[in-house]
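Engineer: Residue numbers (our numbering), protein chains in the order written: chain A, 545 to 837; chain B, 88 to 448; chain C, 3 to 386.
Just so you know, the hints here were simulated from the structure itself, not pulled from any lab data. Wrong hints could be hidden among the right ones.
[Stated by the list, open to error] So the derived list for chain C, only partly shown, Cβ under 10 Å to chain A, looks like this:
(1) F57
(2) L73
(3) G74
(4) P77
(5) M94
(6) M95
(7) A98
(8) R108
(9) A148
(10) R151
(11) L161
(12) D163
(13) L319
[Claimed, not checked] 30 Å max Cα-Cα, derived DSBU-like pairs, lysine-lysine:
(14) B/K284 / A/K596
(15) B/K295 / A/K784
(16) B/K260 / A/K596
(17) A/K596 / B/K217
(18) A/K784 / B/K439
(19) B/K235 / A/K784
(20) C/K17 / A/K644
(21) B/K217 / B/K241
(22) A/K596 / B/K209
[Said to hold, decoys possible] One-sided and incomplete, this derived list gives chain A residues near chain C with beta-carbon spacing under 7 Å:
(23) D694
(24) V697
(25) S732
(26) L733
Every residue gets a Cβ at the ideal spot worked out from N, C-alpha and C, and that includes glycine.
Given next are the chains, with one letter for each unit.
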Amino acid sequence: MKNASGSVAGGGLKLGVLLMATPLLLWLLLLVILPHLDLLMVSLRERISYGKYAFSFTNYIEFFTEPLYWNTYVRTATMSILATALTLVIGFPISYYIAKVMRGRGKSVLFLMCLIPFWVSELVRTFGWMILLRESGVISHFLQWAGLVDGPVEMLYNDVTIMVGLVYTSMLFMVVPLVSVLDSLDDSLIEAGYDLGGNAFTVTRDIVIPHAMPGIASGCIVVFMLTLGNYLTPNLLGGKSSLWFTEQIYTQFITRFNWESGSAFGFLLLVLSSLIVWLGLKLSRQTLSDTVG
Amino acid sequence: MSKNTGSLRATMFGVSALAGVMMLAGTAQAEELRLLTWGGYAPDDVIQMFEKETGIDVEVTLSNNEDMISKLRATGGGGFDLAQPSQDRIAGAQMEYGIYKPMDLSKVDAAQFIPSMLAATKTNTTVDGKVYGLPHIWGTSGLVVDTKKAADVKDYTDLCNDSVAGKVSYRLKRPTLIGFAFAMGMDPFAAYTDEAKYQEILDKVQEKLIECKPNVKTYWEGGDALLNLVRSGEVVAAMAWDTGGWKLNNDNADITFVAPKSGALGWVDTFALPRKSENEDAAYKWINFVMQPEIAAKITASAGNFTASKGADDFAEDKLKAQFKNSFPQEALDNIKWYPPVPAGLETLEGKALDRVKAAQ
Amino acid sequence: MADQFDLECRDVVKKFGQFTAVDQVSLTIPQGSFFSILGPSGCGKTTLLRMLAGFIEPTAGDILIKGKSVLGVAPNRRPVNMVFQHLALFPMMNVAQNVAYGLRRRGVGRATIDKKVAETLARVGLPDSGQKQISQLSGGQKQRIAIARCLVLEPAVLLLDEPLGALDLKLREHMKVELKQLQHEIGTTFVYITHDQSEALVMSDQVAVMNAGRFEQVGTPQELYYQPDTPFVAGFVGESNRWQGTFETVADGKAIIRLDSGGVIYTDPTQVTNPDLVAGQRMDVFVRPEAITIAAKGQGPVATSGLNAMQGRVENLLFNGAASSVQLRETTTGHEMNVALPQTGAFAGLRNGDELDLSWSAGQTKCFPNTKPAQADASGEAVA
Chain A
545 MKNASGSVAG GGLKLGVLLM ATPLLLWLLL LVILPHLDLL MVSLRERISY GKYAFSFTNY
605 IEFFTEPLYW NTYVRTATMS ILATALTLVI GFPISYYIAK VMRGRGKSVL FLMCLIPFWV
665 SELVRTFGWM ILLRESGVIS HFLQWAGLVD GPVEMLYNDV TIMVGLVYTS MLFMVVPLVS
725 VLDSLDDSLI EAGYDLGGNA FTVTRDIVIP HAMPGIASGC IVVFMLTLGN YLTPNLLGGK
785 SSLWFTEQIY TQFITRFNWE SGSAFGFLLL VLSSLIVWLG LKLSRQTLSD TVG
Chain B
88 MSKNTGSLRA TMFGVSALAG VMMLAGTAQA EELRLLTWGG YAPDDVIQMF EKETGIDVEV
148 TLSNNEDMIS KLRATGGGGF DLAQPSQDRI AGAQMEYGIY KPMDLSKVDA AQFIPSMLAA
208 TKTNTTVDGK VYGLPHIWGT SGLVVDTKKA ADVKDYTDLC NDSVAGKVSY RLKRPTLIGF
268 AFAMGMDPFA AYTDEAKYQE ILDKVQEKLI ECKPNVKTYW EGGDALLNLV RSGEVVAAMA
328 WDTGGWKLNN DNADITFVAP KSGALGWVDT FALPRKSENE DAAYKWINFV MQPEIAAKIT
388 ASAGNFTASK GADDFAEDKL KAQFKNSFPQ EALDNIKWYP PVPAGLETLE GKALDRVKAA
448 Q
Chain C
3 MADQFDLECR DVVKKFGQFT AVDQVSLTIP QGSFFSILGP SGCGKTTLLR MLAGFIEPTA
63 GDILIKGKSV LGVAPNRRPV NMVFQHLALF PMMNVAQNVA YGLRRRGVGR ATIDKKVAET
123 LARVGLPDSG QKQISQLSGG QKQRIAIARC LVLEPAVLLL DEPLGALDLK LREHMKVELK
183 QLQHEIGTTF VYITHDQSEA LVMSDQVAVM NAGRFEQVGT PQELYYQPDT PFVAGFVGES
243 NRWQGTFETV ADGKAIIRLD SGGVIYTDPT QVTNPDLVAG QRMDVFVRPE AITIAAKGQG
303 PVATSGLNAM QGRVENLLFN GAASSVQLRE TTTGHEMNVA LPQTGAFAGL RNGDELDLSW
363 SAGQTKCFPN TKPAQADASG EAVA
């Protein structure tokens, strides 16, 4: 009897777990696995004529033989890594300040200020930058008013602007994990570092950064992914030479109706981001479970 | 629908099923027309009049040519009851993806259409002997120029003049390729059927565009963004639609639309029935409704372009008519290059040319 | 003169806004001694310690280490090191790296570092633990590594911020002895802050009792226990039975205090630190539980001017081996008392409700004039 009721309870539990897991499984299956499988299949076929397709590696071969795609791919990766590094370099002191220096109200206010830009959509934010930086924009006018420049200055449509936009867009996603990981750093560890003869540099290098490593890694992964997959910012701020890989994918899908090569490019981007994240984790000696856990 | 997109469709179906179930309850009762169209083609006052007369709700989704094809392709021609692609983009998309269904001409009041335009559109949108499109709104693309600051810009290739360096903008889209080809003395439309020849033209245009790149401030994407650039004076000459030029002309008399020497590019946006249109009757009612001259004039006022409705010109605003006359003297009007249907596959060639232009440093 | 002291504070004051955390504290710590600062939480002892370490600067006053003022000297330049409350071992480094950290910062050669680390680890009794991770250590081992990490730098003064607080009781008892021994062996001056009087009494050469930002009394543990200067010290150090009453008169060389709850207590007038004793002065009276002798009912001595005698009924037996005690209710005054049981086991058969005779000599009774209103100290009742 006891056994029976036990197994019933066990069965009920299993069913409960299964029910709880259903949304997750459905999500994984319908929104993650199936579309990717489909993407892979579409990427492996070639258009023969109206409505006729055959299995082929053409789309991938084309990617590797056409320098344009290849260059855009490498450029996107390099710029994304650079943007991630810049976001980290700028975000770290900010996070440290929020987590360790500010107290009470000031802390939440500062944190909120990091958050406020994200209350509006990315499009609006990017247009905000355009209003500031364009030739007839705020900064250009200010510089002329201050007598620092003679004529209007165009600050849009170059790589530096793309970088500024990307860093700005990504900042929150770096600051949040960093603040939480730095918050968890016991102040006395920092004090002990100083007490034992360390200075600001060595304490940061030997104690703060090693402690913050999981946060740094997760922040970098998120920022890198977001940057790599960003479409609006490079497109709008970069102007005539923006050349971003997602833009290429979008073009293939939407304006060229070339789902086949768009899928292949999408897959290659997935491979690229996975590869770089894996490399980053290896280099920083972090594991994915440390980072996301 | 052809088999090729079946697997993706299955996926999409799975995803949208949930959303579909949720939406079903709310939308099932009232009769509805889901319209996939361009900005300004279905103004609120017209929709209200239509709803009053027929009791049919109109739900408008704004789009553009590429987006329309992509949307309909993804659903196999579902999700909308009436679409408004350009006439040159129907036949190719229909042969490739089968996203439209033939028009039942008996349900349309043909007398309301300008006969020549109706005939031309029918010809261009016929696949396997069936007509897939009827003309609605037509217009041209050419040059929007600040005539004071860029007086020497008369043709597409003039955008590469030193006098306007850094103050020029155009799109990296197919009209730019076509326009430059005409301005360079070639006829891309004649080469539509000959891929090799077309490629040759593209190569030359590509070279010109790369050479011209330093002159360009930015390649514009959205119409509003371009209007802003011209309005602020950051751009003094651009390739754009005629309506944009006229709109700017309202604020600044110096700026207007100029029909290029080699000819403005003429387009006609149509009515086409998506293959899975659920309310064909409403679609035909809408077509017959908006083609009435008074209604068509309202749409002209909102979109800025003239319609294929016979007699609607009488109701159009005088200012617009004046602007039109100003931009199109008779010879310019005769010189408009109307887009023939785009054969499938050309877009891939064009895309690569555009990519190379964009990538060039 | 100043050179004899490892550490000296002169009228150190620290204010946080309106709040004075440390108020006019002066102290001198001779070389090689174990000095404790004992006080309840919030008394300012941690603030004082952090000023010594250099993490905060005093508002006024001076701090001297080895005779030199260290005002304005950053923590990493002061010849003091600190063992933190939660030890603050670096979890990202192994044991040897933790111990070597300070030496590396000083730019000491690698060979020297290795040698010194090995020596220091041996000295704290963990010679082979260098390669262990911090998480692999037990609480006591962590304690020792934290101390080793400081000692390897041979500081003039080692500051310890309640480092035993996190340990369980048994380990804490053990570490008390070990710390004292370690300090004795190496001869470094230790400044130890704690709220646990037993830690302070067992380990220290000198203890400063701190309350509300001030030092109440500085002395050896024995002095604090047997000759408290203030009622706070009498109440805070060790256990006491406490009464409040009014001074009546001196008779036979004994002061007579009339208790608020009834009855009188005789105390030695020399115990009263304030010489200006006047009739009607409010008094606090303290008697240690072990000073009270118990006898079966009717067998105890009769009260005289040199001897206090009371009766009580057993309310609670607190058996704790040699440290057993009994809680009683005094018959006439109704006052609760705590009395140590003799270690002989003579009263092993005691039960709740039994009545006992209690007595203690006037000389064992400490009393202090109480300047505060009668009720204010009531919270500190009897067993402190």
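Engineer: Would you settle whether the hint for C/M95 is holds or violated, based on the nearest Cβ-Cβ distance to chain A being less than 10 Å?
Structural biologist: 8 Å, holds
Engineer: With the threshold set at 30 Å, check whether the alpha-carbon distance from A/K596 to B/K217 stays at or below it.
Structural biologist: 22 Å, holds
Engineer: Does C/D163 pass the interface check with chain A, least Cβ-Cβ distance below 10 Å?
Structural biologist: 9 Å, holds
Engineer: Classify the hint on A/L733 as holds or violated, based on whether any CB of chain C lies nearer than 7 Å to its CB.
Structural biologist: 5 Å, holds
Engineer: Are C/G74 and chain A close enough, Cβ to Cβ, to be under 10 Å, as the hint says?
Structural biologist: Not OK, violated: C/G74 not within 10 Å of chain A, min 15 Å.
Engineer: Does A/K596 lie within 30 Å of B/K284 when you go C-alpha to C-alpha?
Structural biologist: OK: B/K284 and A/K596 at ~25 Å, within 30 Å.
Engineer: Taking 10 Å as the limit, does the beta-carbon of C/M94 come near enough to a beta-carbon in chain A?
Structural biologist: Holds, because the Cβ-Cβ distance from C/M94 to chain A comes to roughly 4 Å (cut-off 10 Å).
Engineer: Can you verify the interface hint for A/V697: is its Cβ closer than 7 Å to any Cβ in chain C?
Structural biologist: Cβ of A/V697 sits 45 Å from chain C, so the hint is violated.
Engineer: Take the C-alpha atoms of B/K295 and A/K784, compute the straight-line distance between them, and say whether it is at most 30 Å.
Structural biologist: 15 Å, holds
Engineer: Can C/A98 be said to touch chain A, with a Cβ gap under 10 Å?
Structural biologist: 14 Å, violated
Engineer: Classify the hint on C/R151 as holds or violated, based on whether any CB of chain A lies nearer than 10 Å to its CB.
Structural biologist: At 7 Å from the nearest chain A Cβ, C/R151 passes the 10 Å test, so the hint holds.
Engineer: Regarding the hint that C/R108 lies at the interface with chain A, is the smallest CB-CB distance below 10 Å?
Structural biologist: 6 Å, holds
The structure is inconsistent with the numbered hints 2, 3, 7, 13, 21, 23 and 24, although it conforms to all the rest.
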